[in-house]
Each structure stands twice: as C-alpha cells, then as structure tokens.
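Listed here are the chains, written in short residue letters.
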Amino acid sequence: MDNKDPLEIELLERARSFDHQALAAIYDLYSPGLYRYAMRLLGDQHLAEDCVSETFSRFLQALQKNKGPRNYLQAYLYRVAHNHIVDLYRRQPPPEDDLGPELTSTEASPEEHTIHRFRQTRLRYALQKLTPDQQKVIVLKYLEGWDTAEIAQLLRKPVGAVKALQHRAIASLRRILQVDETKNE
Amino acid sequence: MNNNNLDPELKEWLDELQPIEPRNPQAAARGRARFLSQAVSFDPNARQTGWKPKLFGREVSMNAILSIALALALLFGGSGATVYAAQDALPNQPLYAVKTWTEDARLNLASNPEAEINQLMQMSQQRTQEMAALVDQGQVPPESLEIRLQQHIRQALQTASKLNDTDMQVVLQRIQTRLQTQEQAMALLQTRANANATPILERTRAMLQDRLRLCDEGQTDPQGFRNAIQSNYRYGQTQIPPSGPSGPNGQPSSEPPVQNGNGEGNGYGPGPTNQAGPGGPFTTPEPGTGSPSGQGGSGKNKP
Chain H
0 MDNKDPLEIE
10 LLERARSFDH
20 QALAAIYDLY
30 SPGLYRYAMR
40 LLGDQHLAED
50 CVSETFSRFL
60 QALQKNKGPR
70 NYLQAYLYRV
80 AHNHIVDLYR
90 RQPPPEDDLG
100 PELTSTEASP
110 EEHTIHRFRQ
120 TRLRYALQKL
130 TPDQQKVIVL
140 KYLEGWDTAE
150 IAQLLRKPVG
160 AVKALQHRAI
170 ASLRRILQVD
180 ETKNE
Chain C
0 MNNNNLDPEL
10 KEWLDELQPI
20 EPRNPQAAAR
30 GRARFLSQAV
40 SFDPNARQTG
50 WKPKLFGREV
60 SMNAILSIAL
70 ALALLFGGSG
80 ATVYAAQDAL
90 PNQPLYAVKT
100 WTEDARLNLA
110 SNPEAEINQL
120 MQMSQQRTQE
130 MAALVDQGQV
140 PPESLEIRLQ
150 QHIRQALQTA
160 SKLNDTDMQV
170 VLQRIQTRLQ
180 TQEQAMALLQ
190 TRANANATPI
200 LERTRAMLQD
210 RLRLCDEGQT
220 DPQGFRNAIQ
230 SNYRYGQTQI
240 PPSGPSGPNG
250 QPSSEPPVQN
260 GNGEGNGYGP
270 GPTNQAGPGG
280 PFTTPEPGTG
290 SPSGQGGSGK
300 NKP
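Chains H and C, in that order, are what the protein sequence lines are.
Residue numbering for the first sequence follows numbering that gives the first Met the number 0, beginning at 0 and increasing consecutively.
Residue numbering for the second sequence follows numbering that gives the first Met the number 0, beginning at 0 and increasing consecutively.
Hints should not be assumed to be uniformly reliable.
[Unchecked claim] Subject to a maximum C-alpha distance of 25 Å in a straight line, what follows is the list of computed DMTMM-like cross-link-like pairs (lysine to aspartate or glutamate):
(1) H/66 with C/42
(2) H/128 with C/42
(3) H/66 with H/9
The hints are simulated quantities; they were obtained by calculation from the structure and are not laboratory data.
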C-alpha cells in the first residue's frame, strides 16, 4: 500500500514552505476532483464550491501550524472534504422529499427530468444513511473510479478491509433503496 | 465507472449521480484566487518586512540593495537621481529593487494609519500599472508582482480594521474607490493581454473583486469586517474556524466548521471568463498557470 506519488511528495514538500507555485499546482490538481466529489454528495454548486474552499483553507491552516499530511495528500484532502460534508449534513440535513437543485439537463422531457431529480435526491439521501467510510467507498469507487488501494490509503485501512467494507456498503445501499421504494409504494 | 459487484439495478441508481454539470469557471477562478490569497496571508515568511527583492533574478538582502543604490547614486551623481531613475522601473529591470525599497522606506515614514493606508494604496496602484506595462510589452507579469499587490491591499485592510468604526468606514470608502479603479483597469487589460498573461490577470481581478466586496460589507458591518480580517478574509464568521487537522497524525478535524459565507455575488461585474482547459480536470497544469475549472463525467475521474 506504500505507493507514494513522487509528484505529490515534492509538491507537499514545497507547499510546507508556502511555495506559492506548488500551492497553486496542488489546487489545480485536486480542486476539480474535490468539487465533483462534493457535488455528487451535496448536489449544489454553491455548497460544493464552499466545500472545496473550506478544504483548502483547512489545509493551509494545517501547514501554518506545521501539521497536515506528510504524504498521501489526495487522501488527506478528501478526508477533510468529507468531514466538511458530514458536518454540513449534521447541521442542516436536507429534507427527504426535496427534489434539490438541478444537476444536469440531459433529460428529454420535463417528466423524465423530474424523475431523474427525484432519483438523485433519493440516492443522495440513501448515501447519507451509510457510514462515512461506506459513503466514501461508494462514491470514490463507483462514481470517481478510484481503485481499492487508493481508497485504502484514504481510509487508512488494509485493502482486504476495504473490500469487506465495499461489500457491506453495497448491501446496505441496496437495502436502504429497497426499503425506501417499499415506503413510497 | 467501476462496475465490480454491482447489480444492474444498483448501477442504474448510481448512474443518476454520474453526470455533473460543468463547474462555473468564474466561481472556480474566485475560489482559486481566494486560496492563493489565503496562502499569502498564512505564509509566515511573506510579511512585508520579510520580503526579499529580486535583482537580476536572484533574491538579495536589503543591505545589498543599499550598497547597489549607493553605487548607482555615485554613478548617476546623486541618490535623488537614482531614486528618480528607478520610479519607472519594471520588475524585469535592475532598478526595480530600488523602486520598491524607496516605497517601503516611504511606508515606514507614514505618521498615522490614514497616511499608511494612502501609501499602501498608491503602492498597489503602482503594481497594477506595472502589470499593465508588462502586458503591453507582451510579457507575463511575474507571480511576485501579484503577491506584492495582495500584500499591499491586505496590509491596508488590516490597518483600516484597527481604526474606530467611523474612521474605518471613511477609509474603506477610499480604499474601495482605489480598488474599483484597479479592477476596471484589470478588466481593460484582460482585453488586450496575450493568452499567457490571462491566468494571472484573472486571478488578480478576482482578488480585487473579493476585496471590493469586503470593503463594501465592512462599511455596513464594521465588526464583521474586523472578524473577517482577523480570520483571513473569511467574511461573515463569528468565530475563528477549527484549525484543521487535530489528530495525532494530522487527522482532519470533524468539528463543525464555521460556514465560509464568502461565496459568489459580489456585485462587481461579471468577473473573469476563463474557460475550462481542453484537457478537462485530469490535466496537470503548469504550476500557477492552470485552469481552475474542471468538469466531471464518466470514466476514471482522478487527477
């Protein structure tokens, strides 16, 4: 599991001495992915931008105190972002029947569009019911395309444990969605 | 998407979250500018007094600058002539260090906060003009120029935050007027800049728009402005946010963070209109010059 990225290590090293070019490169490298991650879980562009902003702000604060990551920067940033999202949900859980903001406008008809938004909201609500680690596994593996070893770095768990977690996450998600479906019928 | 262990029904559900609407490039640029601005203000080595001027591309100490200034003074027949000759120098010219040194010296002589702010805003105006001059020469303004401009404005706002409410509101109005001029100049400059200079101009303009918003809000909510300055421009906070990782190994804190609140809608024009790079979110831009925006899609979405 110790496949440290040399580019990441070098950027982190330079960032620790507040090298502005390195910090800019880190932002450019990771902010698009963090934004996508936040968008998938929050479904709101403003909240997603806030999440990215807060994540990088906390990263700077950590560097200023000579704390923060020594390696696995990407995993660190996603952990911070996820904690922010969880805190946000804890403070202000979205209503279950809220259709939420528009995510995409590829649907052919208004009816399809409404169904799509409804399903997005339900899925997001179901994801919230998973444990934080299960949420990370589902979103990063099945939506962001991370491999198990990378998720293991993020979660600081052995690959085998992540696979078990993944299995449980899928089962839980399926069960929650089925229960919701039954309730809605 | 990785489909291992996924039955078709669950895959269909997850596909609902697969497409992501493209990130707003202006919001992304503002976020990037805010981050870089915070980086400057968080940098313990970037205080005004600690800034090291560059001469012929190398950092030099103030003592060296003084020695060079003395030599040039002898060469030009007097220190006044040297300083005068330096006033139009650009960052890529030898006398530029003399110019910034004399500016810093003038700043140190400021007798009161208003004079200090006035001097700082003049210095920020100088930096904007230097950017314009470099762009007109077909050159890309160096990042050090952007950082120095941020430092001037930051110091001016910090000094303003220490005044009483009434004086602060007057001073913020003056700063705002100056910043508006600079923001408009930056907008004009963007129209004639070459593509290489666009990122730094966009960042600078976004930073100016952010500070304009801060000045605007500071005039109606002086205490909020002070809080924002103390917490590095995170406007609207009532307390200092948690300090990030707190665990033994840099574990990020899961304490509820304070809402940032410095989102969009500053009311100062449309802002930069940078486009997402053709490489999408997976390209690794040249440090300091990359596009801040990106958009999702299917497939393996990793940086």
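Hint check results:
1. The straight-line distance between the Cα atoms of residue 66 of chain H and residue 42 of chain C is roughly 14 Å, inside the 25 Å bound, and the hint therefore holds.
2. A hinted pair counts as satisfied when its Cα atoms are at most 25 Å apart, and residue 128 of chain H with residue 42 of chain C does not qualify at roughly 40 Å.
3. Straight-line distance between C-alpha atoms of residue 66 of chain H and residue 9 of chain H comes to about 16 Å, which keeps the hinted pair within the 25 Å bound.
Comparing the model with each earlier hint shows a violation of hint 2 alone; every other hint is respected.
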